[in-house]
Each structure stands twice: as structure tokens, then as C-alpha cells.
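Based on the provided sequences and hints, a complete structural model is requested.
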Amino acid sequence: MPFDVWDGEDESAAGRFVPLYVLVNGRTSPRDSRLDLATQVVALSVDTRLLDPEYLRIVERCGNWISVAEIGAYLQLPLTIAKVMVDVLVEQGYLGVGTPAQQKIVDRHILDSVLAGLERL
Amino acid sequence: MERTSVKIVVAGGFGTGKTTLVGSVSEIPPLTTEEVLTEASVGVDDTTGIESKTHTTVALDFGRITISPDVVLYLFGTPGQDRFWFIWDELAQGAVGAIVLVDTRRLESSFPAVDYFERRGVPFVAAVNRFFGECAYTEDEIRSALELTPEVPLVWCDARDRNSSKLALIALVQHALGRLSPARV
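Keeping their order, the protein sequence lines are chains A and B. Sequence positions in the first sequence follow numbering that gives the first Met the number 0 and run 0 to 120. Sequence positions in the second sequence follow numbering that gives the first Met the number 0 and run 0 to 184.
What the hints contain is simulated information worked out from the structure, not anything from laboratory work. All values derive from a computational prediction rather than experimental measurement. Cβ coordinates follow ideal geometry from the N, Cα and C atoms, glycine included. There may be inaccurate statements among the hints.
Estimated spans, in silico, between C-beta atoms of each pair [what the hints assert, rightly or not]: (1) S143/B x Q75/A: 43 to 53 angstroms; (2) P52/A x E140/B: 55 to 65 angstroms; (3) D31/A x E146/B: 38 to 48 angstroms; (4) R60/A x T55/B: 18 to 28 angstroms; (5) E138/B x R30/A: 29 to 39 angstroms; (6) R119/B x D31/A: 22 to 32 angstroms; (7) L43/A x W84/B: 30 to 40 angstroms; (8) T47/A x L36/B: 13 to 23 angstroms; (9) G25/A x E150/B: 45 to 55 angstroms.
Structural data, given as C-alpha cells:
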């Protein structure tokens, strides 16, 4: 049985193969529990030259407020990966976080404004 | 930072019009995001006896409505397959509530959703989708078939119609507001 020996070639016709967990150092869930798939984030004005391309792609998508779910959809990242990568970027100060959907919606003001917003549609 | 996300879940059985409803009111064409799951399962090949893992992809469709400069409402359709309850948990957590779409030709396909939100105390409205033509049942018949408690609103809607979908969302938010205790600041 022949041994499979890596020839040092990462590139192939099908693109670059990197298991997704490599991107997130094996992290499986966000450390910041506020990160929900609807939580919005925005790029902060910091130097991004040291970022890996996979992370830079995300920061570049965050010029305006955007949710974790949208990042996943636009960049075709599985949700869990998108969430963990956003978490890393927040932790490292590249992204700012908005207020997530609350644990329990008890804020009448928010519901009132949602109602008014829907009635304007 | 002041940028608030609000969620509403759009649930119902397979083919009840969830993505249609999301698409009719969303300001962007519905987006799809995927969750990749790894399911541990025992291999069928007896000679190896090695456990194999299979990947399942669950698709979530969603849309957005900008409510104000600092509040955005996200509408998430539940996955077509009812068995991925942990995804429902993530969608329902912190949500304003849910719209359970009902197809009167297959009332039973909406049972799991009704049951789910009922058990977790998540506010929901049942929205009977008229998309499928004339409805052979009265409101009372549908309520009784779905075992809806009297306080759960039932609305008739056409998920393809923006205004109709909007009215279903409004009914849900009003219902959620009504469940808040009035004695609050």
C-alpha cells in the first residue's frame, strides 16, 4: 500500500484545501455569548494589514453594520464558522458589536418601534 | 454601540410558504445561510466496524427590514426539516416571537411548530396561508385542529403579498406587546 506523501503543494485545480477548523484554531463556539446569528457588527478603523485573507474578507464586508448570518450568506461560510471568526475579530479589536436580540424581549420601546416600523412599510 | 437586532421566526411545515413570506416583506432578496452538522453514525460496513461520520447541511433562509437607523429586524425561516431542534432554539432565543404558517391542506405539518412555541412560551400567531386557494375550514375548525389556546391570534394571509405578510407581522408584534406586563417603565 503506497504512502500518501504531501508534496508541499497546497494549491490544486479545485482551489486551496484548508479544513475550516484551521481558520478558527479549533474554537468551536464564540467566547462572547452576545454573538447571535442576528447580532450586527461593524469594521473599526484599525490597521488590517496583518490579517489573514479569510479574516480580511469578513472585515471588508463590514463597512456598514451587518449581521453574522449575512456574513455567512455572502461569504458562503457555515454559520458556526462565521460566528467564531467574527468572535475572533471582535476580540482582537477589528469589529465592533451591536446589541443582540435580547435573551427575553421585555423592552416595550423596541417592540413599539418595530411595530411603528412595520406599519410604515 | 447602538445597533440593535430584533428577530422574528417564520415557522411552519415543509412547503407552507415560509421563504415566500420572508421574501415578500424583506428589503433584500432572501439570503440563505447554511449550518453544517456532523452526525456520528455507526458504519454499515461490518468488516470495518468503524464509526463513520456524515455531514448534513441545514439551510436557513432569512431577510431583513430596517426599522430605524439603529434597529434592524431579521426574519428567519426555520429549516425545512423539523428534526433540527437546536437550530430552532438558536432562532427562537431572544426572538420577538414567531409566525406559524399553516397550509390548510396539511394542517398536521404545522403541529410541531405550534407545539414548540407553545412549550417554550414564545409568543406566536398562526397565519393561515391563502396561497393554496379557498379554505374549506372555518377559523374555529382550524383553531381546534391545531389546539390553539384562545389567546393565540389566528390571521389569514397570502404569503406572496407584501401587505398581507406585513399585517401578519404586525399581529405578532401586537400580540408580543400584549403579553408584556403593563406595569413597566
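So, going through the hints one by one against the coordinates:
At roughly 45 angstroms, the beta carbons of S143/B and Q75/A sit within the given window of 43 to 53 angstroms. A beta carbon spacing of about 58 angstroms between P52/A and E140/B agrees with the range 55 to 65 angstroms that was offered as a hint. A hinted range of 38 to 48 angstroms holds for the C-beta pair D31/A and E146/B, which are about 39 angstroms apart. Hint check: R60/A to T55/B, Cβ distance near 27 angstroms, so the stated range 18 to 28 angstroms holds.
Taking 29 to 39 angstroms as the suggested C-beta distance range, the pair E138/B and R30/A does not conform, at roughly 48 angstroms. The beta-carbon spacing between R119/B and D31/A, approximately 24 angstroms, falls within the hinted interval of 22 to 32 angstroms. As the Cβ distance of L43/A to W84/B is approximately 36 angstroms, the hint placing it in 30 to 40 angstroms holds. Distance hint check for T47/A and L36/B: the Cβ-Cβ separation is about 32 angstroms, which falls outside the suggested range of 13 to 23 angstroms.
Here the CB-CB span from G25/A to E150/B is close to 47 angstroms, well matched to the stated 45 to 55 angstroms.
Consistency note: the structure conflicts with the earlier hints numbered 5, 8.
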